[in-house]
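> The residues making up each chain are set out below.
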Amino acid sequence: AQSVTQPDIHITVSEGASLELRCNYSYGATPYLFWYVQSPGQGLQLLLKYFSGDTLVQGIKGFEAEFKRSQSSFNLRKPSVHWSDAAEYFCAVGESLASGGSYIPTFGRGTSLIVHP
Amino acid sequence: GAGVSQTPSNKVTEKGKYVELRCDPISGHTALYWYRQSLGQGPEFLIYFQGTGAADDSGLPNDRFFAVRPEGSVSTLKIQRTERGDSAVYLCASSPSGLAMETQYFGPGTRLLVL
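Chains as they are written, first to last, in the numbering used here: chain V, 888 to 1004; chain U, 1270 to 1384.
Derived by calculation from the structure, the hints in this document are not laboratory data.
Wrong hints could be hidden among the right ones.
Which residues of chain U face chain V? A partial, calculated answer using Cβ under 10 angstroms [to be verified]: (1) V1273; (2) T1276; (3) A1362.
Beta carbons: idealized from backbone N, C-alpha and C, even for Gly.
The following block holds chain V by itself, in its conformation from the complex:
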């Protein structure tokens, strides 16, 4: 069965510093990979996704992630963090449904990002 590990429950960074959130997955085939952000009272918002092709994926809000098959990782990065980036971040791996067509993401437990001024 597929699984996602986000080893850091909390990450604290200073505003303006760089950020890397770790994600490791377990999946037999080439995975669909996602990063979502969840702010308090808000729905999950997709930051970026990887399906195939270029292993460096650009997303919204200045985020990027790199798929590394050899390390089974899909770490999220941002060169300079803003206070508004404080939120919960979820990595997910998507598996096609047996019924066909769609996919269902299996989410990690999330990493809470705290930004100090």
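Given chain V, work out where chain U should sit, using these hints.
Quick look at chain U alone, frame taken from chain V:
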């Protein structure tokens, strides 16, 4: 345009009671998903609708949980004989066609507390 909306935003009920949670997807989206997010965890898949039919309900934890989407738009998640362990945030998402490449758009969720 309007995003995915869910009502109520919060629901408090007593153990053993019946609850209904509503999801209004983005207009025109044929695919609709329900997830459950327990405290400190990521969302877990419950059920997927394509149009009016439940295409996959493999995530429903037991037969106390049921969901419908009679007209292919609004969906209702129904929980019978609620238990304290059902307390969680219930998330709904929709996508245009349910294809693998599509983005799923999430609602803000309904926070359910079973006393």
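> If a hint holds in the structure, say so; if it doesn't, say that too.
Here's how the hints hold up against the structure:
no.: 1; hint: V1273; verdict: 7 angstroms, holds
no.: 2; hint: T1276; verdict: 14 angstroms, violated
no.: 3; hint: A1362; verdict: 8 angstroms, holds
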